[in-house]
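Respectively, the protein sequence lines represent chains A, B, C, D and E. Taking this note's numbering, I'd label the letters of the first sequence as residues 307 to 681. Taking this note's numbering, I'd label the letters of the second sequence as residues 16 to 274. Taking this note's numbering, I'd label the letters of the third sequence as residues 16 to 274. Taking this note's numbering, I'd label the letters of the fourth sequence as residues 380 to 705. Taking this note's numbering, I'd label the letters of the fifth sequence as residues 675 to 988.
Keep in mind the hints are simulated off the structure, nothing from the lab. Heads up, the beta-carbon is just placed ideally off N, CA and C, and yes, glycines get one too. Each hint should be verified, as a subset may be incorrect.
Below are the BS3-like pairs computed for lysine-lysine, each with C-alpha atoms no more than 25 Å apart in a straight line [what the hints assert, rightly or not]:
| hint | chain 1 | residue 1 | chain 2 | residue 2 |
| --- | --- | --- | --- | --- |
| 1 | C | Lys212 | C | Lys243 |
| 2 | C | Lys86 | C | Lys134 |
| 3 | D | Lys601 | C | Lys155 |
| 4 | C | Lys243 | B | Lys155 |
| 5 | B | Lys155 | B | Lys182 |
| 6 | B | Lys134 | B | Lys155 |
| 7 | B | Lys212 | B | Lys86 |
| 8 | D | Lys607 | C | Lys243 |
| 9 | C | Lys86 | D | Lys697 |
| 10 | C | Lys182 | D | Lys697 |
| 11 | B | Lys243 | C | Lys130 |
| 12 | C | Lys243 | D | Lys601 |
| 13 | B | Lys212 | B | Lys182 |
| 14 | B | Lys212 | B | Lys243 |
| 15 | D | Lys607 | C | Lys212 |
| 16 | B | Lys262 | B | Lys243 |
| 17 | D | Lys697 | C | Lys243 |
| 18 | C | Lys155 | C | Lys134 |
| 19 | C | Lys86 | D | Lys607 |
| 20 | D | Lys601 | C | Lys130 |
| 21 | B | Lys86 | B | Lys182 |
| 22 | B | Lys126 | B | Lys182 |
| 23 | B | Lys126 | B | Lys155 |
So the derived label-pair ranges between C-beta atoms look like this [claimed, not checked]:
| hint | chain 1 | residue 1 | chain 2 | residue 2 | range |
| --- | --- | --- | --- | --- | --- |
| 24 | E | Pro732 | C | Glu78 | 17 to 27 Å |
| 25 | E | Phe971 | D | Gly417 | 25 to 35 Å |
| 26 | D | Trp446 | B | Asp21 | 51 to 61 Å |
| 27 | C | Asp213 | D | Ser602 | 53 to 63 Å |
| 28 | D | Leu683 | A | Asp612 | 34 to 44 Å |
| 29 | D | Val518 | B | Arg131 | 44 to 54 Å |
| 30 | E | Pro732 | A | Asp562 | 26 to 36 Å |
| 31 | C | Lys255 | B | Asp21 | 27 to 37 Å |
| 32 | E | Ile972 | D | Thr543 | 45 to 55 Å |
| 33 | B | Gly159 | D | Val518 | 50 to 60 Å |
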Amino acid sequence: ACSDTSEGEETPDVTTDATDEQTEEETADDEASTEAGGSSELPTPIADLGVSGSLNGSGASSQANAQQAWRDNFSADFGVTVNYNPTGSGTGREQFIGGAVSFAGTDSILDEEELAAAAQRCGSDIVELPLYISPIAIAYNVPGVDSLNLSAANVAAIFSGEITNWNDEAIAADNEGVELPDLEIVPVNRADDSGTTENFVQYIIEAAGEEAWPYEAADAWPISGTQSAEKTSGVVDLTTQTEGAITYADASQIGDLPAANVEVNGEFLAYSPEAAAAIVDGSEPTADATDLILTVDLKRDGSIADAYPVVMISYIVACTEYEDAQEAANVKGYLSYMASDEGQQAATAAGGGNAPISDDLQSRVFPAIDAIVTE
Amino acid sequence: MNEGIDVSNLNIYYGDFLAVEDVSMHIAPRATTALIGPSGCGKSTFLRSLNRMHEVIPGARVEGDAIIDGKNIYGPGVDPVDVRASVGMVFQRANPFPTMSIADNVLAGAKLNSKRMSKSEAEELVEFSLRGANLWEEVKDRLGRPGSSLSGGQQQRLCIARAIAVKPDVLLMDEPCSALDPISTLAIEDLIRELEKDYTIVIVTHNMQQAARVSSMTGFFNIEGTGKPGHLIEYDTTDKIFSNPSKKATEDYVSGRFG
Amino acid sequence: MNEGIDVSNLNIYYGDFLAVEDVSMHIAPRATTALIGPSGCGKSTFLRSLNRMHEVIPGARVEGDAIIDGKNIYGPGVDPVDVRASVGMVFQRANPFPTMSIADNVLAGAKLNSKRMSKSEAEELVEFSLRGANLWEEVKDRLGRPGSSLSGGQQQRLCIARAIAVKPDVLLMDEPCSALDPISTLAIEDLIRELEKDYTIVIVTHNMQQAARVSSMTGFFNIEGTGKPGHLIEYDTTDKIFSNPSKKATEDYVSGRFG
Amino acid sequence: MVVLNGWGTEGITPTATAVLTIVFYLVLSTIISFAVEGRRYATDRMVSGLIVTAFIIAVAPLISLIWMVISNGYSELTWEFLTNDRNGLTLADHATGAGHALVGTLLITGTTALIAVPLGVMTAVYLVEYGRGPLARTVTFLVDIMTGIPSIVAGLFAAAMIPTIAEYFVGSSAALQMKTGFMGSVALVVLMTPIVIRNTEEMLRIVPNELREASYALGVTKSRTITKVVLRTALPGIVSGVVIAVARIIGETAPLLITTGTTNVFNWNLFTGYMETLPTYVYSSWSNQATRELAWSGALTLILLVLLLNLVARIIAKAFAPKGEK
Amino acid sequence: MEEIQADVGFARVGSEPISFWSFAARALWGTVLSSLMALVIAVPLAIGIALFISHYAPRRLAQFLGYVIDLLAAIPSIIYGMWGMSTLEPMLRPIFSWIEVTFRPWLVRLAGEEVQVDGDAVWQGGLPGFNYAAEHWDWWPITPDLVDMSAGPARNLAMGSVILAIMILPIITALCREVFIQTPRLQEEAAMALGATRWEMITMTVLPMGRSGMVSAAMLGLGRALGETMALLMVLSAGLEINFKIFGVGQHSTIASQIALRWPEASAGTPDNPSLEQPFLIALGLLLFVLTFVVNFIARAIVNRRKDFSGANA
Ligand SMILES: Nc1ncnc2c1ncn2[C@@H]1O[C@H](COP(=O)(O)OP(=O)(O)OP(=O)(O)O)[C@@H](O)[C@H]1O
Ligand SMILES: Nc1ncnc2c1ncn2[C@@H]1O[C@H](COP(=O)(O)OP(=O)(O)OP(=O)(O)O)[C@@H](O)[C@H]1O
Ligand SMILES: [Mg+2]
Ligand SMILES: [Mg+2]
Ligand SMILES: O=P([O-])([O-])[O-]
């Protein structure tokens, strides 16, 4: 592939796959220039796009496991090496805008300025797709307690340090028949800046009110002097090790820890993929959403029946046009795969922690992907 | 120190190599004994066995007894540290501590036993020892300078001062004057004659005049060939050794016209 | 080497300290010149200025000229390395290279400069040099052993062998025999007499008999007091210096009964 | 001991007991020695005890650590593990391994050492043998600063610097995409060089001056004296320092995440494409509860690798060690 | 300043925004405190181990053990982190709580403590002066809080320092060992011939000659301690307070870990409207350079002050 002489300007994309050949690329480009199929439910089949070589992306660490599954399957099926570096959403967005990666994963949506900058980088529109929907579990480690109901108010009180013991009356009130031990509560939060934190805090604010939670929603945890750990695996490990601990984490990664049921419409609901996907359908698009930018303003206050309100969406950001046709084909193919039923299921099956997107959402995602120009 | 040193059947090894074989001798107390002999015959090795310095070399060991003042230094339970505190040593090569000042070099050994030495005591001891080693006048203005900034001869005299400062019972000297000029040598020899009133002195020297001048007894070591062990060939009064030795080898050696 | 060494108005400094002042002398070619004097008077310092070894000490410097064989070694553009290659040196303290075997130590001068040498040439040179230093018999069976495994005297002779092996024009010796026994000393002195047929030799010694035995010219250095610079007091034929010196200081010094 | 009783038995772990026993023993033996043999011997005895204790204290975590890694990691450590990459991890019946990370570690560490060791040794030689005046002070200043560069900052530095430079050669868009093994090496060079310099400096400083003089006196030039006598004498110490420095950087994670990226596949080319190293492999495997086993085996592989390097270096050092007395 | 506070999302304590210098001071405090504690633990230990290898242990054993210690340097920090939480923390927790139980009463006696009287918090007891300081000055170390442990694992600075100490141990040991081994035999013999015990011999020759080496070693160790990221991330519950509560969680953090924690989500902004978040973190890193340089400078000065007494002149 790219030789180490400095003349290789023709091949900007780095290649690690030995099967990559220049000639194949040429013919593939011709084939890929088939007409984009309007509003059809099925986009151009991936096999017809002529994907090959390698593809780099980076961004949200929440997607790391799902990305692993997507990459494995995609490269097994189509022979494209995909690298996804879970550097964090901020870096992912920055690298995408700076042109260092072909696509990015991000937990928070691009703001106005970033949208403009991204459009400038691409020289075209961008797509921003909610391909990774992840329920956040409120996981706890209390010996002898397998099932726990927590109202939003109690969640707020526990994490703000108002309630300090598991046998507190406020908790007992929601958990009749459960014997709560006399054990100090150890709330565990993320030490690093994280989309999970922001979404979790957003839930508390919306569901419990600003009264109960006087802090702003941000990706940094607002309270100091707490037990904290880095990354999802860190908080889960810490909670697993510590009796009396409670934390919030991507539902797929909590291991053997039990998760609390949260209050929805006066009932207590456990998280499930369907319940998580439901909230996305029940929420409004954001103000700046378009056909290509499918961003959602989640309604987390627990008012949508059977919809699990503690949910995080992680988006995939890509250009609609790329200078290099091969890059465009690879991006389009990979995005199509991620959005497909097969891709969503594969990630779930491999512990990717996502709730497969609903058919409704999928029917809006496919046309957006098809807007990526490959010729 | 009343009984001197009784060495009996001493074999000294470097690992498997027997360097000195079967030495027995009585070293008189409060007198100076000289050891002479050609290079490599084991004089230094033997000398180092008298304060158990030999055994600090990995693999080196000693068989036999050396009884100093009634106590066998190779007896069970004897601490070599105690032996060395009462048997001082001056080496063939000057080895002042480069990290210490001249004054601290002198006090190095003395401080070990009396940590709480008053400043004036210390100063006194430094002056006494440096005067004894005939170095005082040269260094009195720069006692705080490092010991390694002196000339070779000055360094050796510094080492003698350091050994004297401990006030040992026995003083072992391994060619202490080989790097000294005549004036310093004279001073050291005077010092030896001074010290032998109180101390037992054993000196290795290549300078036979020196041996004749300072010692009352002389031991002649020899070696048959490389790889062979050294032996004590003859041990007698210095007069006898230099004027009328009983062994042929001794006569050959001392009749050389060297000094 | 035909014209000897001409030293004129040499001042030698350690930083700001003037250690040797205003020395001028002519050292005869193919002869042995001895330097004597009390400790600390600057003999070693002066000797080291003759092959520009003095300046390796940080801050040390030399003023004046030293013309060896018509070439001023302190002239502009003269490479000290060349000077040292033709002016060999043996130090007061034996310093064999610890990483090298006995044979390699002898060959060090050649090997370190990457001179190409056939195996037989090398063997010859080793034997020649070690014989010259009277060490051959003792070490011929263990030429591959490290140089530091020898006794003090053996190490010094090894260093002499190492210096000889370079075949210099001038050989500077700083108390080369101070650690040697009489037999080795004799051998070295014989060697000096042998070498002076071809080489110019300057030797520092404390042993006046030795100076008398080996040298044809003798220089006497003295120092007025500590901190003062050393001076060349008298420089004359050895006979004159030892029998009838013209300066009082010289007479005082050589009339000491030392050897 | 009294306090212990007051505290109750709750929470007394074997370690606490062991610690207290050692302290108790040390105190007791010192007191007895003081009474029987006197102050100096008591001190000597106490210090010996402390030194041995220090050693045990240091070895204990090591053994515990290594035991932890071995017991968790050995089962997965197979030939397949060493020769396969991580691609297809989530696919059924797929052999995954750390071969690509092993390759990456060897390439990146090798390149780093290749740059940092000569650079470091030469700088140290300059500082010790030649360095006087403002230039030497500047170099010392820089070395001092470099000693303290946090590894993550070194990564940021390389990530910022290389694309800027590479822009001239490969054009801006390719340069921006650049995350390569070589970039990782540059970051690690920044970390490794000061360690090599500092260590070598110390080793050179303790080479006795008389050896230098002996060499000069034979008419050997300064440069040859340095290469053949000084460096030669100091070699074992320098090698040992290099081993430590390599060991230090071979386990770096943070800067490599920034500079070389991570990948699932083999990459033999230092100048193109992402590269995985064992520490980043361990890190990403550890971050996922499902692949923790791989993390342990990766860690074990890394330790074994270092052990191997260590042995090789020791053999070299031994062959060149000064012979004789010591 | 205002701008920084508005722009840099993570520069806050609780939800109060703080200025760069305030943030830097807090992060620096944790960095310095943890590194210093690590050095205080590691340097004597490392010197002890180096001496054990160079002067105490039988030769063969010593060499073998030396290699083993060197291995410690090679273990990636992330494994230290894993080990720290799984093995070390359970060992240290009882020790820490023992410290709390034992020393707290003394501190209360000395500085007094806060008690609830009729629902109001009142400071009671303690010696005059001490109780005033303890009540009014947040940073004042001598308060009962000093030894307070929070609930849950001991993910505090004390434990972080222990991990750091173990990590820097091999670097310091290796350099010290090499230096100690080089002590000239002649020097050691000179000391022994004066009747010095082994330890006295070491204090007379080995340690003084190894001075500059030991300082260099400590500096290298310090360098690693200051820059260590991963292990501390894994064993420390981060916080940004300036106090001496080394047993409390969420109190301290280090510059390196702040960079690692914040960098992934820190935005560079857009070319037209650059964000201050990344420059903020880079400035934080620069501060660390300055700090290390100052420390190194002092160390060099100490070593050079006694240059004349260097061991190379032996
Ligand atoms: N450390 C050592 N290891 C092995 N052999 C040694 C050691 N030191 C000395 N020897 C050998 O022991 C023998 C006696 O050496 P020693 O130093 O006692 O001689 P010496 O009589 O003092 O000679 P010199 O007058 O040259 O000092 C010599 O053959 C020497 O090579
Ligand atoms: N490296 C040095 N730095 C400063 N002064 C020194 C140094 N070496 C020697 N001196 C001083 O220079 C003067 C001359 O010393 P030098 O070594 O030349 O004396 P010497 O005549 O060789 O004496 P000795 O017979 O004892 O060897 C002495 O006063 C000495 O203290
Ligand atoms: Mg001897
Ligand atoms: Mg001299
Ligand atoms: O996926 P997060 O690391 O931002 O929680």
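These are the hints, each one checked on the structure:
{"no.": "1", "hint": "C:Lys212 / C:Lys243", "verdict": "37 Å, violated"}
{"no.": "2", "hint": "C:Lys86 / C:Lys134", "verdict": "35 Å, violated"}
{"no.": "3", "hint": "D:Lys601 / C:Lys155", "verdict": "31 Å, violated"}
{"no.": "4", "hint": "C:Lys243 / B:Lys155", "verdict": "14 Å, holds"}
{"no.": "5", "hint": "B:Lys155 / B:Lys182", "verdict": "21 Å, holds"}
{"no.": "6", "hint": "B:Lys134 / B:Lys155", "verdict": "16 Å, holds"}
{"no.": "7", "hint": "B:Lys212 / B:Lys86", "verdict": "21 Å, holds"}
{"no.": "8", "hint": "D:Lys607 / C:Lys243", "verdict": "39 Å, violated"}
{"no.": "9", "hint": "C:Lys86 / D:Lys697", "verdict": "46 Å, violated"}
{"no.": "10", "hint": "C:Lys182 / D:Lys697", "verdict": "34 Å, violated"}
{"no.": "11", "hint": "B:Lys243 / C:Lys130", "verdict": "37 Å, violated"}
{"no.": "12", "hint": "C:Lys243 / D:Lys601", "verdict": "32 Å, violated"}
{"no.": "13", "hint": "B:Lys212 / B:Lys182", "verdict": "13 Å, holds"}
{"no.": "14", "hint": "B:Lys212 / B:Lys243", "verdict": "37 Å, violated"}
{"no.": "15", "hint": "D:Lys607 / C:Lys212", "verdict": "33 Å, violated"}
{"no.": "16", "hint": "B:Lys262 / B:Lys243", "verdict": "19 Å, holds"}
{"no.": "17", "hint": "D:Lys697 / C:Lys243", "verdict": "49 Å, violated"}
{"no.": "18", "hint": "C:Lys155 / C:Lys134", "verdict": "16 Å, holds"}
{"no.": "19", "hint": "C:Lys86 / D:Lys607", "verdict": "29 Å, violated"}
{"no.": "20", "hint": "D:Lys601 / C:Lys130", "verdict": "16 Å, holds"}
{"no.": "21", "hint": "B:Lys86 / B:Lys182", "verdict": "19 Å, holds"}
{"no.": "22", "hint": "B:Lys126 / B:Lys182", "verdict": "12 Å, holds"}
{"no.": "23", "hint": "B:Lys126 / B:Lys155", "verdict": "20 Å, holds"}
{"no.": "24", "hint": "E:Pro732 / C:Glu78: 17 to 27 Å", "verdict": "56 Å, violated"}
{"no.": "25", "hint": "E:Phe971 / D:Gly417: 25 to 35 Å", "verdict": "43 Å, violated"}
{"no.": "26", "hint": "D:Trp446 / B:Asp21: 51 to 61 Å", "verdict": "57 Å, holds"}
{"no.": "27", "hint": "C:Asp213 / D:Ser602: 53 to 63 Å", "verdict": "30 Å, violated"}
{"no.": "28", "hint": "D:Leu683 / A:Asp612: 34 to 44 Å", "verdict": "53 Å, violated"}
{"no.": "29", "hint": "D:Val518 / B:Arg131: 44 to 54 Å", "verdict": "46 Å, holds"}
{"no.": "30", "hint": "E:Pro732 / A:Asp562: 26 to 36 Å", "verdict": "49 Å, violated"}
{"no.": "31", "hint": "C:Lys255 / B:Asp21: 27 to 37 Å", "verdict": "52 Å, violated"}
{"no.": "32", "hint": "E:Ile972 / D:Thr543: 45 to 55 Å", "verdict": "34 Å, violated"}
{"no.": "33", "hint": "B:Gly159 / D:Val518: 50 to 60 Å", "verdict": "32 Å, violated"}
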